[in-house]
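The lines below spell out each chain.
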Amino acid sequence: GNSVTQMEGPVTLSEEAFLTINCTYTATGYPSLFWYVQYPGEGLQLLLKATKADDKGSNKGFEATYRKETTSFHLEKGSVQVSDSAVYFCALSALNTGGFKTIFGAGTRLFVKA
Amino acid sequence: NAGVTQTPKFRVLKTGQSMTLLCAQDMNHEYMYWYRQDPGMGLRLIHYSVGEGTTAKGEVPDGYNVSRLKKQNFLLGLESAAPSQTSVYFCASSRTGENTEAFFGQGTRLTVV
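Top to bottom, those sequences are chains A and B.
If you're matching positions, the first sequence starts at 1 in the working numbering and goes up one per residue.
If you're matching positions, the second sequence starts at 1 in the working numbering and goes up one per residue.
FYI, nobody ran anything at the bench for these hints, they're computed from the structure.
Note that the Cβ used here is the ideal one computed from N, Cα and C, for glycine as well.
Computed footprint of chain A on chain B; a stretch qualifies when at least three of its residues, placed anywhere within it, have a C-beta under 8 Å from a C-beta of chain A:
#1 31-37
#2 42-54
#3 90-96
#4 104-113
Label pairs and their in silico Cβ distance ranges:
#5 Ala-53(A) with Val-88(B): 31 to 39 Å
#6 Gly-1(A) with Val-113(B): 28 to 36 Å
#7 Asn-73(B) with Gly-1(A): 23 to 31 Å
Negatives, chain A to chain B, calculated, CB over 12 Å:
#8 Thr-12
#9 Leu-19
#10 Thr-20
#11 Lys-56
#12 Thr-65
#13 Gly-78
#14 Ser-79
#15 Gln-81
#16 Val-82
#17 Ser-83
My request is simple: use the sequences and hints to build the entire structure.
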C-alpha cells in the first residue's frame, strides 16, 4: 500500500542554520506530494505541494522537489528562524479503491534556538 | 471565515461510554476525513468520505463509525470507548481528493479513563 517515511526527530538547530527534513514515499501511480506544518495547539496547515515529477514546491523560504527516480520529497530551508519551530509532516495523495486518500508521515519536530 | 470546525475541543470519557465528535466545514468541499494523532505515529486515517452519503474505511477504522448525512458535516462516533482511543482527533476537508489542499480543524483531545 501507499506509505510515507520521514526522518525521526526532534531536529534542533540554531537560528540561521540550514534545514533538511528527509521524506520518501511508496505509492502506485503518480501521487501528489505535500508538506504540512503544525504549530503548537493548532491543526495542520499546508506549507507547500508538488503534483508531478520534477515540480518544486516553495513557500515562506521552504522548498521541496518531487523526485520520482528516488521517490523522495525532501524539505529544505536555507536559514531557519525561531518562528519555524513546529512539527512538519510529509504527505501524499493517491488513488485507492475508495477514492483519493491523503496519507501522512509520522512528523518531524523542529526546534530552532536563538 | 470558519473553515473547519470541530466540537468539542476536549472530552474525558469513562471506558464503555459513547460519544460523537462533530466536524463542520463551510467551504463546500466534497471530501472529508477523520484522523487520529498519537505521539510518534503521526496522523492515521480513521474514516473518510468522498461525498454526501458516502463513507469509507481508512487505516485504523475499528471501534469507530462515521456518517455524512449532509455535505457540510462529518460525524465520528465511538460506541464503547476504550483507553486505546485516547488521542487527539483531527477532522479535515478538501475540495477533491487529488492534488488539493486539506484544511484541518483545531483538533479534539479525547481522554478515555
